[in-house]
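Participant: Residue strings, one per chain:
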Amino acid sequence: MVTVNYDSVKKAYGDTIAIEDVNLHVDDGEFAILLGPSGCGKTTTLRCLAGLTQPTDGTITLDGHDVTDVHPKNRNIAMVFQNFALYPHMTVRENIGYPLKVAGKSKDEREERIDEVAEMLEIPELLDRDIANLSGGQQQRVALGRAIIRRPAVFLMDEPLANLDAKLKISMRSRIKVLQREMDITTMYVTHDQEEAMSLGDKLIIMDKGHIQQIGSPDEVYHQPANQFVAGFIGSPSMNFVTVRRDGDRIRADDAPDTFDVELDSEVADRYRDHETFTLGVRPQYFEVHTERTDNAIEAAVEVTEPQGDEQIIEVEVGDQPVSLTVVAPSAIDAERGDTVWLTLDDDLVHGFDTDSGRRIVGAGDQNRGVASTPEGEMTSD
Amino acid sequence: MTTKQDTQADVLPYEEPSGIEQFQETLREYGVTRAVTYGLLGVFLVWTLFPVYWLVTATLKTRQTLLSFPPQWIPLDAQFGNFAQLFAQRPDFVQFIINSTVVTITTTILATTIGAMAAYAFVTFDYPYNLDFHLPFYILSTRFMPPIVTIIPLFVIFRGVGLVNSLQGLILVYTMFNIPFAVWMMKGFFEEVPDSLIESAMIDGHTHLGAFFKIVLPLVKPGLIASAIFTTIITWNELLFAVILALNANAMTVPVGLASFVTKFSVQWINMSVGATIALVPVLLFAFIARQQLVRGFSMGAVGK
Numbered sequence: 001m002v003t004v005n006y007d008s009v010k011k012a013y014g015d016t017i018a019i020e021d022v023n024l025h026v027d028d029g030e031f032a033i034l035l036g037p038s039g040c041g042k043t044t045t046l047r048c049l050a051g052l053t054q055p056t057d058g059t060i061t062l063d064g065h066d067v068t069d070v071h072p073k074n075r076n077i078a079m080v081f082q083n084f085a086l087y088p089h090m091t092v093r094e095n096i097g098y099p100l101k102v103a104g105k106s107k108d109e110r111e112e113r114i115d116e117v118a119e120m121l122e123i124p125e126l127l128d129r130d131i132a133n134l135s136g137g138q139q140q141r142v143a144l145g146r147a148i149i150r151r152p153a154v155f156l157m158d159e160p161l162a163n164l165d166a167k168l169k170i171s172m173r174s175r176i177k178v179l180q181r182e183m184d185i186t187t188m189y190v191t192h193d194q195e196e197a198m199s200l201g202d203k204l205i206i207m208d209k210g211h212i213q214q215i216g217s218p219d220e221v222y223h224q225p226a227n228q229f230v231a232g233f234i235g236s237p238s239m240n241f242v243t244v245r246r247d248g249d250r251i252r253a254d255d256a257p258d259t260f261d262v263e264l265d266s267e268v269a270d271r272y273r274d275h276e277t278f279t280l281g282v283r284p285q286y287f288e289v290h291t292e293r294t295d296n297a298i299e300a301a302v303e304v305t306e307p308q309g310d311e312q313i314i315e316v317e318v319g320d321q322p323v324s325l326t327v328v329a330p331s332a333i334d335a336e337r338g339d340t341v342w343l344t345l346d347d348d349l350v351h352g353f354d355t356d357s358g359r360r361i362v363g364a365g366d367q368n369r370g371v372a373s374t375p376e377g378e379m380t381s382d
Numbered sequence: 001m002t003t004k005q006d007t008q009a010d011v012l013p014y015e016e017p018s019g020i021e022q023f024q025e026t027l028r029e030y031g032v033t034r035a036v037t038y039g040l041l042g043v044f045l046v047w048t049l050f051p052v053y054w055l056v057t058a059t060l061k062t063r064q065t066l067l068s069f070p071p072q073w074i075p076l077d078a079q080f081g082n083f084a085q086l087f088a089q090r091p092d093f094v095q096f097i098i099n100s101t102v103v104t105i106t107t108t109i110l111a112t113t114i115g116a117m118a119a120y121a122f123v124t125f126d127y128p129y130n131l132d133f134h135l136p137f138y139i140l141s142t143r144f145m146p147p148i149v150t151i152i153p154l155f156v157i158f159r160g161v162g163l164v165n166s167l168q169g170l171i172l173v174y175t176m177f178n179i180p181f182a183v184w185m186m187k188g189f190f191e192e193v194p195d196s197l198i199e200s201a202m203i204d205g206h207t208h209l210g211a212f213f214k215i216v217l218p219l220v221k222p223g224l225i226a227s228a229i230f231t232t233i234i235t236w237n238e239l240l241f242a243v244i245l246a247l248n249a250n251a252m253t254v255p256v257g258l259a260s261f262v263t264k265f266s267v268q269w270i271n272m273s274v275g276a277t278i279a280l281v282p283v284l285l286f287a288f289i290a291r292q293q294l295v296r297g298f299s300m301g302a303v304g305k
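Those protein sequences? They're chains Z and P, same order as listed. To convert, note that position 256 of the first sequence is 256 in the UniProt record's numbering; the numbers rise steadily by one, no gaps. To convert, note that position 228 of the second sequence is 228 in the UniProt record's numbering; the numbers rise steadily by one, no gaps.
Please keep in mind that the hints were generated in silico from the structure rather than gathered at the bench. Model, not experiment: these values are computed from the prediction. Relax, there's no trap hidden among the hints.
Beta-carbon label-pair distances, calculated as ranges:
# : chain 1 : residue 1 : chain 2 : residue 2 : range
1 : Z       : Gly39     : P       : Leu45     : 55 to 65 Å
2 : P       : His134    : Z       : Glu311    : 51 to 61 Å
3 : Z       : Ala132    : P       : Gly162    : 49 to 59 Å
4 : P       : Gln95     : Z       : Asp69     : 48 to 58 Å
Just so you know, even glycine gets a beta-carbon here, dropped at the ideal spot from N, CA and C.
Pulled out of the complex, with its shape left as it was, chain P reads as follows:
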């Protein structure tokens, strides 16, 4: 049968290229296609990278040169003192960085761990009433409403139990906020791990929990890293909850600190740029170090061959 089909494929009549195809071929021949592609890419790059460039170069300018017109595209007279100046004027900015770091690391660990275990449980075990289908959906549904809706009740509750102005409170909120992402991201990875691997591990002498930690988790490492990076980025940059639940320097995070440079009377552009640039670095660095795992994580290539 196959040979018959093969010969049929061989004798398919040669098709004359249509007018559009010929036109496309001409464009390709004269390099028009390539030029348009690179042109669009260039526009996109400027679109996304110019604000970052402007922010970073602002840290080296004075207020006058930053706001001058026509704009000074390249900072000619680099003001490295701006960094020292920020910490001199706002010594509590160090505390903000520490707060942000503590909150982000703790949240990432908690959300990824809880999310992974929940996702594994959904994928592996049977539940009555089709709950293994419904529960992940309900978990995700907590993210459907605008976050601002939950802030007022949360604030009232947190004030009642003394969690306002505390890192614990922020960690609690952020963990809750990130678990749905972690669950949904990890679910796909766990689904790719064949049941027989877990069963095989149990027959080889593991408990179910042992099989989870020794066999399953190493296999879904790209997924763990991807969801960890996601959680880190979201938590590190979060402003809305922090600005309402963290009102004093004990619990204020970097984004809240940055927002505080906008005062009733003026905007401290240079301090803000310096602070924002500092805030950029850790997340960029983390994502850069883990970029290989991140790409694998997003392309969902956990175990498949």
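Looking at chain Z on its own, in the form it has when it is part of the complex:
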């Protein structure tokens, strides 16, 4: 049983605050992902747990033991670095076995474990090679091997796939997931790639500007984003945001009130009854594109189309002082630059955000939409 707990952790460098007010909990065996844009503090958060960065304030506990001031070597953690950090003056075998060697394990035991790990990662033929002669993917596996050989209490990974090419990234991604499940080791994983985070994690911890924005399952952060930042960060292409003014059940875009003028389902509009203006958030997938004039639709001019095979991404502009929108449409829809299309909204799936605070406006009946109700901490995706 290994749980991780951060209690009001803060790290400041002089006047610059790297992370602040970080409170989080990772359950035993859970795969937690720290996700956010670069400079958001996710790596700092991870390094505090590794002991490589000393928090300015707050406590970190592993299994209830306060480890805030414990040296990294005494924390029983393993870490995979973005640049793999393999020891260049050692062979693959020596690299993988190094944590055991430092721990004073006998040569026989080391050899046995090295072979076992190499078998697991399918690299037995590489064992006697030099690090310099390995490809990126092979180095990645050696780095994983060196991390798992010790059977650590917690497994930390700092953007371990960032240096690999796209194809390798996807195959290593599933390998890491399988490995984590098989070994059942509590894992914290840092990435800036939301797609990677969604596909790997049990729990996503989304950070921005040194603060945690939301903690939740992949489904929760996608369908119930806590605020405009999370809504915009998760999902590809990004969610569209339009500042709108509400008039009864009708909403009009501030910048294109004549064209962007939609009547919402009154139940949906009711959520926003306390807000005269707010930021409307619509995922590109939740527009429906029509090539003929349709009721309650937004007239838009096609700017660019990007075919993606089964579907296409269409950039459109609405109104004279144009509001740009990104929509995803089936590739069967015939639209070209300069064409006029009509967009209808999927009322149920739009979000509203408070224009000042960025928080999502939550109304009755909105709580569980789109989310399979699952107890927190269990797998919700796949």
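Keeping the supplied structure of chain Z fixed, place chain P upon it in accordance with the hints.
Facilitator: Quick look at chain P alone, frame taken from chain Z:
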């Protein structure tokens, strides 16, 4: 996008070579370029190697043949007895060699170790007031002034504490003198070692000091060897400090011994040549053995791929 650029590159118009280019091509064709290159190399080789040749051959000549005119380019009547003669006339020369060896080895070990650790500390740790930038500069600045400036105060201090005429005194001075070089040389090497390697070593169970010795030092070995060779050469050949701080045979080093062949009444050319040739050997040998590491050291290829 890339394909577009590629095709653009393909259709670049063929450029007619300019007059100078055509002239260069002609020179190359008739072997003029090659001849000039080798000619210059030859001049350079004679320029640097002839004095060494003259020194070494002098050890096999008599005083008369050495100073004869026209010069005797090749020693016809080799006088191997010159070596024995030096030690017979100046038995303390053995002591000079021992002194030089002790001082050089100790200084090299001390300066390289202290320099490496200081450089590592500058590279790895954070200091207030930007000191990690300023301190290495101040360390180097101790070498800005002419060494002669510090000799008088050093002599007075050393006489006060009894370090004049002692090997310890020389070692102290030389170590101080060589540390700036070692720090600056090693700094570049440590900067090349990624932080993540040290962090990884700590997570794998090392203390910071353990990570330094087990992971970092092996990686910067070429740098260590290069700065060790530098220190060795400078220390072994140093004359100025030694001639003032080491006045008797207890502490005199080889360069001081060589200088003592120049007396008020005559210059002992043959003894001096023999002594100098002996002094040449250890440093040349050391540099030759370590030449591979030395070249890697100077090209700063510590970890990079």
